[in-house]
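Visitor: Now for the letters of each chain:
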Amino acid sequence: MIDIGTGASIEKNDVAAVEEAIRHAKTKKVNKERIDLAFVFHSSDLPASGIIKNVSALLPNVPVLGGNASGFFTHQSLYKRGIVVMLVTFPEGALFTAGDIHNISSAGALAAGEQLGEKLLSGFKSVPRNLALLFFDRLTQDNAEFIGGLQERLGKSFPCVGASLSSPDDSSRSGLIFNKTALRDACAGILFGGKISFGLGLRHGWKPLGKPHVITAVSGNVVHKIDNEPAVRLYEEYLAYDFPRIRKELKNLSVLYPIGIRIAGQDEYLLRSIQTINSDGSLVCRGDIPAGSVTRLMISTKETCLEATRAAVEEAKTNLAAHALKFHKEKSSRLVIVFNSFPRAAALGKDARTELKIIAESLEPGTGIIGVNSFGEVAPLATQSYHGQTYFQNQMISVLIIEG
Amino acid sequence: MSDIELLMNALGMLGIVCSIGLGIWIVFLLSDIKQLRLSVDNLKHTLDEMDEQAKLVVRTDIELNKAQEELDKKITGLYTLQTLSRQISATLDEAQIFSKIEPPLLADLGFEKAVAFGWDESHPGAVIRLSAGFSEAETAAISSLIDGEKTHFKRLISDERAVSSISPSIDQGFRNKVCTIFKVTAFVISPYLPKEGNKGIFLAGAENPDTVINEGDEELIKILANQIGQALDNARLFEKTWQAHQELESRVEQRTRELSQAFEEIKRVSQRKNDFVSNVSHELRTPLTSIKGYASILLSGKLGVIPEEAHKRLEKINKHSDELVQFVNELLDIARIESGRMTLKIAPVNLKNIVDEVGDMLTVQMKERQIAFSSILPDAIPEVMADYSQIKRVFINLVNNAFKYTQAGGRITVRVQRVDTGIQVDITDTGCGMPEDALDKLFTEFYRVDTAINQEVKGTGLGLAMVKHIVEAHKGNIWVKSKVGAGSTFSFTLPQSV
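Chain order of the listed sequences is P and Z. Position in the first sequence counted from 1, then plus 370, gives you my numbering. Position in the second sequence counted from 1, then plus 621, gives you my numbering.
Just so you know, these hints were derived from the structure itself, not from any lab. There's no promise every hint is true.
[Said to hold, decoys possible] Calculated Cβ distances over 12 Å to all of chain P for the following chain Z residues:
| id | residue |
| --- | --- |
| 1 | 830 |
| 2 | 885 |
| 3 | 915 |
| 4 | 990 |
| 5 | 1080 |
[What the hints assert, rightly or not] The calculated lysine-lysine pairs, modelled on DSS-like cross-linking and capped at a C-alpha distance of 25 Å, are:
| id | chain 1 | residue 1 | chain 2 | residue 2 |
| --- | --- | --- | --- | --- |
| 6 | P | 577 | P | 621 |
| 7 | Z | 804 | Z | 820 |
| 8 | P | 595 | Z | 665 |
| 9 | Z | 676 | P | 621 |
| 10 | P | 621 | Z | 687 |
| 11 | Z | 734 | Z | 721 |
| 12 | P | 672 | Z | 695 |
| 13 | Z | 820 | Z | 775 |
| 14 | Z | 966 | Z | 1013 |
| 15 | P | 720 | Z | 687 |
| 16 | P | 399 | P | 727 |
| 17 | Z | 734 | P | 618 |
| 18 | Z | 695 | P | 720 |
| 19 | P | 399 | P | 550 |
| 20 | P | 382 | Z | 798 |
| 21 | Z | 775 | P | 720 |
Just so you know, these numbers come straight off a predicted model, no measurement behind them. Positions of the beta carbon are idealized from the N, C-alpha and C atoms, including for glycine.
Here chain P stands alone, though its shape is the one from the complex (with noise of 0.2 Å):
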């Protein structure tokens, strides 16, 4: 079974922070000296350079991922400052790789997403392959691009899932760690096959508003018009503000009023938040929309939001209950990764930690729990018509169960 400890700490000296953080994980765990994987979150107060330092001399030849992120989360608490800390070990029989690739824009989104591919796959021969967990610094409209070179190599439905550490708009923060070393505008990835089951479940806690638009003019995820107007027309009818006032409030509009897409066989709509406002009225989104598209404007409360929380953890228990037959006749463990979109945890507020509580109390006692606040969501579409196909998501919170 899958051997968890998580830790934490809030001391402001990098080192102090690391040996204290791993000390707790260890505690935790079953088997201290075996660790095969660990995942590092770290708040941009502690240098990157000191975290890898302190992490590769506490846990030499350990696989690390992770990065510096603007919250962050166990099963315990919530943290805003420091760092938190899961070491895995994995049973008998599970198997992964974990790979990376940086200078992505460089090199080209899809022959980035192809060299990950291979360097994941180099790992796996006749095992079974099951899915691919992806940390990304900052996604842009190239991750989709990136996601279908590396299902090029890994497969055209093979479910991937991940998300982004950083704000696209925010260029101070130093990104991924993967091993000993920091990444910026890179991709860490581990693909799980073998022994090890996983169960998924996405949500957003948003719903549609109003009457339905159809979008009449697109172009990748430039919306241009909307019912043969210019897209801002939607907002500037709804909200009654003028152009000028929108573009100034968009960064709090955007994420309480995204605009969502009927997608048929979801549950919910594909949310998309409006990264720019061109001057000619277009909406720039955080993702693809596909031309034709029916368009609603997204609302929520706290208590929408708490409830897709809690939805998403058993649609995850759910998939994974489908999966684990196959495997785990007895005993097993699980360990639970949470991907929380920033601005949905934001628009939480307090009541972040009500999710969080949620969280923790849906799952078994001692499930080791680590989340952190992500900026853009990667996950697969649940429905068949788009036959399990990776997706651009806003706003989500994707909760993934790990069970061995």
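Based on the hints, put chain Z in the right spot on chain P.
Guide: For chain Z alone, kept in the frame of chain P given last:
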């Protein structure tokens, strides 16, 4: 009519009927379409109405979100302010006060950067007291740039006025300069104004262009600056008190040292005095013994008959020699006790024996003077731990004194009783008594009460001093109660034998 004609007629009839039917059906269909169109129009209208309601919902939601955001910001700000105030107030070290304002707490107040500075007479430029959210290089740059705006900042201090980037009264040129110097897009400036010492400026700023500040933020920063001013006053007051305390402590130490030195000096002088008395006494005793010896030989007539007048003089020599020997012996005893050279042979002592012996010793003299002597000793009185011969000297001295100052027909009573601290002895006489102001000095060496009777009664002034030394050497106490004309009671205690 042929069959064909009949068929044609029938078909014609059927056509007419069908046409009428079709017409009727078309009329009904048109009616349904109209109905359907009406329903669609109704639905569209409802949808439009719902869409209008949705717009109202969104607009209300925006207002609610803003109100909630304001409220959350205010609550977080107040909570942070309370935390900061508590930390600042608890700090009595001036240098530590500003270090409490850390970036995470600033973030909770809605700001990313803070700086506190002022002008000190001992320093040519501005003195930066706090720099949070700035690099060392940025801080150094700020330090040199704020001097250019010194007039503006000094006016804020003298006017005791807070301003922010949204203040209507702020000079736009000054506003832009503050934004440039501190690399902020929004700010609040409030002076901190301690009652004593240097006043200064506290600035909280935000770099993020989306940051919106309001009057509430201005109020929060103003309160924080006030807290800083008060904390500085407290710290300075504490510093003063602490320094005064240190000074007092050092003075006390100095005085204690001086007193110790004086005491040591006194001890040395006292020791020298004792040594001197002891040496002189020894030196005196030898010639005295010779004088007394020669006087005795002369008085015995072994060297020939001595004329009457000479005999009288020799007896005086003999008597005065005895007194001088006693005087010298008492001096020697006091010196021995004071210097710790006297060794007490402590053993259980029955006081009844001593009282009886002293009584017997003075019986003849008492009878001659018609003085009654009585003792009150309970049968079960426990023994005391004492040096028998020394305690006997105490009794002899005190009873002898009582005898000296008690007129004929008077009474001397010795009472022994058990008390909490051991055994107490009271020697009471019905003599002339002493004035109250003499009692304190009574046990001092060479002191004699200045009364008429003392002109007649001879004494060295050493007896009571020696008695006191002996009692105290036994860890006891001695005191006297007396009144002129009403007699005296000398009391002393001795430890009880276990």
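Visitor: If a hint holds in the structure, say so; if it doesn't, say that too.
Guide: Results for each hint:
1. 830: 10 Å, violated
2. 885: 55 Å, holds
3. 915: At roughly 99 Å from the nearest Cβ of chain P, residue 915/Z sits farther out than 12 Å, so the non-interface label holds.
4. 990: 96 Å, holds
5. 1080: 84 Å, holds
6. 577/P with 621/P: 19 Å, holds
7. 804/Z with 820/Z: 24 Å, holds
8. 595/P with 665/Z: 22 Å, holds
9. 676/Z with 621/P: 20 Å, holds
10. 621/P with 687/Z: With a Cα-Cα distance of about 14 Å, the restraint between residue 621/P and residue 687/Z holds, given a limit of 25 Å.
11. 734/Z with 721/Z: Cα-Cα ~14 Å, so holds.
12. 672/P with 695/Z: 20 Å, holds
13. 820/Z with 775/Z: Distance ~9 Å between residue 820/Z and residue 775/Z Cα, so the pair holds.
14. 966/Z with 1013/Z: Holds, at about 13 Å.
15. 720/P with 687/Z: Cα-Cα ~16 Å, so holds.
16. 399/P with 727/P: 22 Å, holds
17. 734/Z with 618/P: Between residue 734/Z and residue 618/P the Cα gap is close to 23 Å, so the pair holds against 25 Å.
18. 695/Z with 720/P: 14 Å, holds
19. 399/P with 550/P: 23 Å, holds
20. 382/P with 798/Z: 34 Å, violated
21. 775/Z with 720/P: 41 Å, violated
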